[in-house]
Each structure stands twice: as structure tokens, then as C-alpha cells.
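If you're matching them up, the sequences are chains C and Y in order.
Numbering of the first sequence is given in our numbering, commencing with residue 1 and proceeding in unit increments.
Numbering of the second sequence is given in our numbering, commencing with residue 1 and proceeding in unit increments.
Please keep in mind that the hints were generated in silico from the structure rather than gathered at the bench.
Errors might be hidden in some of the hints.
[To be verified] Label-pair ranges, simulated between beta-carbon atoms:
{"no.": "1", "chain 1": "C", "residue 1": "Ala144", "chain 2": "Y", "residue 2": "Gly14", "range": "40 to 50 Å"}
{"no.": "2", "chain 1": "C", "residue 1": "Glu74", "chain 2": "Y", "residue 2": "His61", "range": "16 to 26 Å"}
{"no.": "3", "chain 1": "C", "residue 1": "His105", "chain 2": "Y", "residue 2": "Ala44", "range": "51 to 61 Å"}
{"no.": "4", "chain 1": "C", "residue 1": "Thr147", "chain 2": "Y", "residue 2": "Glu48", "range": "22 to 32 Å"}
{"no.": "5", "chain 1": "Y", "residue 1": "Met1", "chain 2": "C", "residue 2": "Ser28", "range": "28 to 38 Å"}
{"no.": "6", "chain 1": "Y", "residue 1": "Pro23", "chain 2": "C", "residue 2": "Ser137", "range": "28 to 38 Å"}
[Said to hold, decoys possible] Pulled from the structure, derived: some chain C residues nowhere near chain Y, Cβ distances all over 10 Å:
{"no.": "7", "residue": "Asp43"}
{"no.": "8", "residue": "Ala70"}
{"no.": "9", "residue": "Arg89"}
{"no.": "10", "residue": "Gln107"}
{"no.": "11", "residue": "Ala141"}
Owing to the predicted nature of the structure, the values given are computational and were not obtained by experimental measurement.
Yeah, the Cβ is synthetic: ideal placement off N, Cα and C, and Gly gets one too.
These are the residues of each chain, in order.
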Amino acid sequence: MTTPSTVRLQREPFDAAAEAAALSRGRSDIGAVVTFTGICRGDEAGAPIAALTLEHYPGMAEAEIERHVAEAVERWPLKGVTVIHRHGRIAPGEDIVLVVTASVHRQAAFAAAEFLMDYLKTRAPFWKQVEQAGAKSWVEAKAADDTAAERWTTPKQAAE
Amino acid sequence: MKLRYFAWVRERVGKPEEELELPAGVATVGQLMTWLAGRGEEYAHAFENPKVIRAAIDRSHVTAQAPIGTASEIAFFPPMTGG
Numbered sequence: 001m002t003t004p005s006t007v008r009l010q011r012e013p014f015d016a017a018a019e020a021a022a023l024s025r026g027r028s029d030i031g032a033v034v035t036f037t038g039i040c041r042g043d044e045a046g047a048p049i050a051a052l053t054l055e056h057y058p059g060m061a062e063a064e065i066e067r068h069v070a071e072a073v074e075r076w077p078l079k080g081v082t083v084i085h086r087h088g089r090i091a092p093g094e095d096i097v098l099v100v101t102a103s104v105h106r107q108a109a110f111a112a113a114e115f116l117m118d119y120l121k122t123r124a125p126f127w128k129q130v131e132q133a134g135a136k137s138w139v140e141a142k143a144a145d146d147t148a149a150e151r152w153t154t155p156k157q158a159a160e
Numbered sequence: 001m002k003l004r005y006f007a008w009v010r011e012r013v014g015k016p017e018e019e020l021e022l023p024a025g026v027a028t029v030g031q032l033m034t035w036l037a038g039r040g041e042e043y044a045h046a047f048e049n050p051k052v053i054r055a056a057i058d059r060s061h062v063t064a065q066a067p068i069g070t071a072s073e074i075a076f077f078p079p080m081t082g083g
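With the hints as constraints, model all of the structure from the sequences given.
Structure below.
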């Protein structure tokens, strides 16, 4: 059976609760839904920020996320996946990214959501620019994010 | 060949994309970066540290060693910071 999956890139805000509910509505085979929302913080490196601007590579961003969703579906017994990533100007407190995973049991849903987020951070072509005190600067990639993504490349058993 | 630039690579080069004829000796993505760095001050600045720059051929990640082959679009950008 194919796993229903949705990947969307958009400027507009999304409704995380509605997206999570939509994934399991009308189904009785799903026992676990994990929802991760990444939110724009009001500070960067200890200083307040006015906003983030997310640049992306149209075409490649969708393709790259879809590749990772397909890999997640192959590795874990998922019943549904939704990934939404915003681009453009985002103010502190607004949502940036949403990952929802559904499965029979929680282990697969948790693991797949974490896998997808780790890969979104290091492989999906998005770049964050910070507006701070009238100046703009690009956010630097964190080595910790690479380390987090690398742990998924060691061969491991799919969650039971 | 269509070249695309993103984030600070785009800012330094001064344009989001361009069409360029590549010389015969440019066979890999790394060689392309070296060639671009010699095209002027703004390119030299953008590609001054090619080790930190990531590349994609036809919208898939590649390494600097990747052959350009029959690619129609090559993109250069900094390490990604989405999510």
C-alpha cells in the first residue's frame, strides 16, 4: 500500500493542528501521530531579531524533501507523512516548518519525524537570513546539525 | 549552461543566475568553481573558499569531484540552514 504523503512549500502560515488532524481523519489503522513544528525564535546568538527571511531553491527544495519522505517511508512503517516548509519573511513567534508522521505505533512516528527534521536542516536547499538591528546576516550552518543527520546513515534496523 | 546562485553566493556574484559557455577544460564542478573564481572580483570573492560551497547538478546534491557531463543547470550555495 502506498503511504499518503504531502510536501508543500509556501509563504503563508500553516495550521499545524489541522494538518495533523487531516492525516488521521476517517482512519482507524493509525495509532500514533507525531507533530514537529519549528518556530522562529526572537533572538539569535543572544541578540533580538526583527525577522528571518528564508531563501530556497525552487524545484530542488521540493524534490529533495520528497526524496527524504520516500526514504522515511521505506525505512519505517508509516501510514502518512506531511511536510510543510515556509519561505520568505517570517516574524518571531511564527511557524517555519512542520513535519507530521503517522504510524501504527509511536516508535516509527517519532523516529521518522526526527529523521526528516535532521535531513531538512542539512540537505534541503533553504537558507536563513537574520534581520537584526537594521543589519542582515546569513545564519551559519551548525556542525551539530550535520552530526545529527549523519547518525541516520549508519545501517540500522527499521523500528518494529 | 545555466548557473544559479543562492544566499551569500548569489549576493557576492551579484546575480541569481546566468547562462555561460564553459571552456573545454572545465570537466568537474570543482574545476568550474576555479574557472568562475577567475572571472572577476565578485566571483573571486564568492568562490574564495570553494571547500565551504555546496553544489547541485540538475537539482541534486553533488560533490566538487562530480563530472559536469550533460548537466543543464548547476547551482552553487552555502551549507543549508533550513528547518
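Hint-by-hint comparison with the structure:
Between Ala144(C) and Gly14(Y) the Cβ separation comes to about 32 Å, which falls outside the hinted range of 40 to 50 Å. At roughly 19 Å, the beta carbons of Glu74(C) and His61(Y) sit within the given window of 16 to 26 Å. Taking 51 to 61 Å as the suggested C-beta distance range, the pair His105(C) and Ala44(Y) conforms, at roughly 55 Å. Checked against the given bound of 22 to 32 Å, the beta carbons of Thr147(C) and Glu48(Y), roughly 26 Å apart, stay inside it.
Distance hint check for Met1(Y) and Ser28(C): the Cβ-Cβ separation is about 53 Å, which falls outside the suggested range of 28 to 38 Å. The hinted range of 28 to 38 Å is satisfied by Pro23(Y) and Ser137(C), whose Cβ atoms lie roughly 35 Å apart. The beta carbon of Asp43(C) sits about 16 Å from the closest Cβ of chain Y, which is more than 10 Å, so the claim that it is off the interface holds. Distance check on Ala70(C): its Cβ is at least 14 Å (rounded) from any Cβ of chain Y, clearing the 10 Å threshold; non-interface status holds.
Interface exclusion of Arg89(C) from chain Y stands, the closest Cβ pair being 15 Å apart, more than 10 Å. The beta carbon of Gln107(C) sits about 22 Å from the closest Cβ of chain Y, which is more than 10 Å, so the claim that it is off the interface holds. For Ala141(C), the non-interface assignment is contradicted: its Cβ lies about 4 Å from the closest Cβ of chain Y, within the 10 Å cut-off.
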